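Q: Chain by chain, the residues run as shown.
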Amino acid sequence: MRSLMYLTLFLALISLLTGGIASANETKGKEQIGIEEKLGQRIPLDASFRDETGKEVLLKEVVGKPIIVSLVYLKCAHTCPLLLGALAEVLGRLDLKPLKDYSVLTISFDEEDTPDIARDKKRNYLQAINHPFPESAWRFFTGDRENIKKFTDAVGFNFRREESGFAHPVALIILSPDGRIVRYLYGRTFLPFDLTMAITEADKGKIGLSRGVLLYCFSYDQPGRRYVFNILKVFGTVMIVSLVSFFLYLTVTGRRSQGGPK
Amino acid sequence: MNARENSPHSVSFYDDSGRYRGLFSWLFTTDHKRIGILYLISVLSFFAVGVTLGLLMRLNLIDPGRFISERTYNSLFTVHGVIQIFLFIIPAIPTTLGNFFLPLLIGARDVAFPRINLLSWWLFILGGLIVVLSIFTGGGAPDTGWTFYAPYSIRTASNVSLALFGVFILGFSSILTGLNFVTTIHRLRAPGMKWFRMPLFVWSLYATAWTQILATPILAIAVLLLVLERSFGIGFFDPTKGGDPILFEHLFWIYSHPAVYIMILPAMGVVTEIFPVFARKTVFGYKAIAFSSLAIAFFGYLVWGHHMFTSGMSDTSRIIFSLITFLVAVPSGVKVFNWIATLYKGSIEVYSPLLFSLAFIFLFSIGGLTGLINGTLSLNLYIHGTYFIVAHFHYTMFGGAGFGFFAGLHYWFPKMFGRMYNERAARTACFIMFIGFNILYFSMFILGLQGMPRRYFQYLPQFRTNHIISTIGSWIFVAGLLLMFGNLIWSLRKGKKAPGNPWGGKTLEWQVPSPPPRENFEEIPVITHGPYRFD
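Chains as they are written, first to last, in my numbering: chain A, 557 to 818; chain B, 525 to 1059.
To be clear, the hints were calculated from the coordinates, so they are not data collected in a lab.
Incorrect hints may appear among the rest.
Claimed, not checked - Among the chain A residues that face chain B by a calculated CB cut under 8 Å, a handful are: (1) Ile589; (2) Lys762; (3) Ile763; (4) Phe791; (5) Leu799; (6) Leu806; (7) Arg811.
Unchecked claim - Calculated from the model, a selection of chain A residues having no Cβ within reach of chain B, i.e. all distances over 10 Å: (8) Leu595; (9) Pro671; (10) Ala684; (11) Phe689; (12) Glu702; (13) Arg717; (14) Asp734; (15) Gly810; (16) Arg812; (17) Ser813.
Please read these numbers as outputs of a predicted model, since none were measured by experiment.
Just so you know, even glycine gets a beta-carbon here, dropped at the ideal spot from N, CA and C.
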């Protein structure tokens, strides 16, 4: 009977601890991160951003040829640099002419990013192309919260701010010369063939099929994880303390006599 | 030893059944020897299942797809791993030979908690049956590999939850056995048996028992979290909800690496008992062997990261894990050199227990040395996830712990069953198994270096030759196994009656009749010197 009581108590304790985690996650899980494809829809041409020189630019000023758009936050230390690095690498291998056939646009969805950081990143990734590349063909945009939201909503890019950094999907978005979304390229490595194909079709305004597997970028130091570690810490400490006391108890009380013949 | 001989008329524990009759006298026994026999039967039954699954895997690999489908193959290697690890190699020695001989070796009448001992067996059977049940029910046999890595183990529709529940229960059986042994060794040693007068098998059981108590709860937690995750999607291992799949790998290996030492330490203890008896010479470096058991158990806790060199860890932690992994080799090396030094200048009598022990040293050394290759960070990145790893752990676990178990079984068989087996058949079996084993697993080292990834159903044409060689090895090996067990089973009834001390051993268990009486000792012996005094 008593052991049953202990068991109930133990289970109650577990459910309390895990319940804490569940509710902590519920509030966070409401916005589902990912991409809702909006193929064929037009981006908000009146949204305004600052380019890496700090100049105010309206999106309608950049359209006119196929555009490869990447959405990242510039302070990201996880998947975003891999995405931009892979993009830089594949740009160097394209036969198409930058500026003439296409241009590249990286937009930060972190309103705290500034043109200064953007300039720094731009220098870095232009070097990574390892090939002469016109500076004005790859622009880095930063903007305020309202314009960012306008753009990300229009392309169906759902992300979430975390305690450190963001959780967000990883993809390239290809726009046609008139600013319509023609294709999403998922993943963080791209073949020159796929990109060339996407740009060529975008030029014709043809809506294509999306390729690849959607990846996400997560920051590792999420607040939700602390709870899990608390359980582990509590159990670990209890285990160690009880085992050490068990050992001491056995050592102190010593050997028992087993009596004589039975 | 000063143990007094019991009167030849004392009744063996087989005939003295206690309160119950017939089958119940076994199922509800609290006699450590009967429980040891119960464990022996159960462990060997699970072993037979595990070997059969392994044979089927090898059969598929001579011609992938002809006999077995991809899905079935995934289940085969998963269930083979789960059964051989959790139901055979971890419990094999402590629960069978340990249960039977621990009290005899330290001069006690039973373990400290005989009823908990019986409970452990019942939990073991329950957990084992649940694991076996998971093969046939629900969404089909688990297909995650025995490591149950998240996130696949969370998403797969196969019967992972039930198998995990079985493993969870097995964990409690293991913890209880450990607790029982630790208390027994502290409390029930015969008068005069100081710590350094204990037989070295007892030392290895002591180190193992602490590891079981300390490490197994972590497995229980890991498994529990995985079941909660599968049932309620809480998100411990799911990054979209703030978890981390790497956390599972850490939790799993924090248990499962020490578990490797739960497997090998008792086997080391067994062969340490055998060498002095067949060399007629006291063991070389008693304290070094005793302390190396503790050192292996201790360092075993600090090396789990070497399973995760390619999982995403900082370079600093990888280098530290690699370094500590090398340190484990030191106490293992101490043991190997001490065994050889024990044989040196001894008057060696070659009987099957010694042959199995020599095979143990040879196979375990190959397993141990290739372990250093795996532990080297730079080399690990090259061979990670290949057949090289598969070969390595079969050499340590099966060649090491498995052969140690067989050695112990042949050494103590006369004491446990009161019969001698056919020595010639035992030697032949040992020889066939040794040859078969090396053909079966050494070809896997070569396959691994050539780049054959583990757990693959299918392979490139260049791997074909070695796969065929390996499969032929598996048939030779199983022929040896059948001969060995056939001989032992035949001898249960037909073997010659065994004397009390057929090998001339000096430890306490040889001073009582074969098989021992229910209470082991008529009078608890008084110990005046160490366990291996051959004059």
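Q: In terms of Cβ atoms, is chain B entirely out of 10 Å range of serine 813 of chain A?
A: Given that some Cβ of chain B is not farther than 10 Å from that of serine 813 of chain A, nearest at about 8 Å, it is violated.
Q: So arginine 717 of chain A supposedly isn't at the interface. Is its beta-carbon more than 10 Å from every beta-carbon in chain B?
A: holds, 13 Å
Q: Find the nearest Cβ of chain B to the Cβ of arginine 812 of chain A and say whether that gap is larger than 10 Å.
A: violated, 5 Å
Q: Is the Cβ of glycine 810 of chain A farther than 10 Å from every Cβ of chain B?
A: Given a closest Cβ separation of 8 Å, the condition is violated.
Q: Measuring from the C-beta of leucine 799 of chain A to each C-beta in chain B, is the shortest one below 8 Å?
A: Holds, because the Cβ-Cβ distance from leucine 799 of chain A to chain B comes to roughly 6 Å (cut-off 8 Å).
Q: Holds or violated: isoleucine 589 of chain A as interface residue toward chain B, Cβ cutoff 8 Å?
A: holds, 7 Å
Q: Should the hint that phenylalanine 791 of chain A touches chain B count as held when the rule is a Cβ pair under 8 Å?
A: holds, 6 Å
Q: Classify the hint on isoleucine 763 of chain A as holds or violated, based on whether any CB of chain B lies nearer than 8 Å to its CB.
A: At 29 Å from the nearest chain B Cβ, isoleucine 763 of chain A fails the 8 Å test, so the hint is violated.
Q: Does the no-contact call for glutamate 702 of chain A survive, Cβ to all of chain B over 10 Å?
A: The assertion about glutamate 702 of chain A holds, with a minimum of 27 Å to chain B.
Q: Does alanine 684 of chain A really sit off the interface, with its C-beta more than 10 Å from all C-beta atoms of chain B?
A: holds, 23 Å
Q: Taking 10 Å as the cut and beta carbons as the points, is proline 671 of chain A off the interface with chain B?
A: holds, 31 Å
Q: Would the stated hint for lysine 762 of chain A survive a check requiring a Cβ distance to chain B of less than 8 Å?
A: violated, 33 Å
Of the numbered hints listed earlier, those contradicted by the structure are 2, 3, 15, 16, 17.
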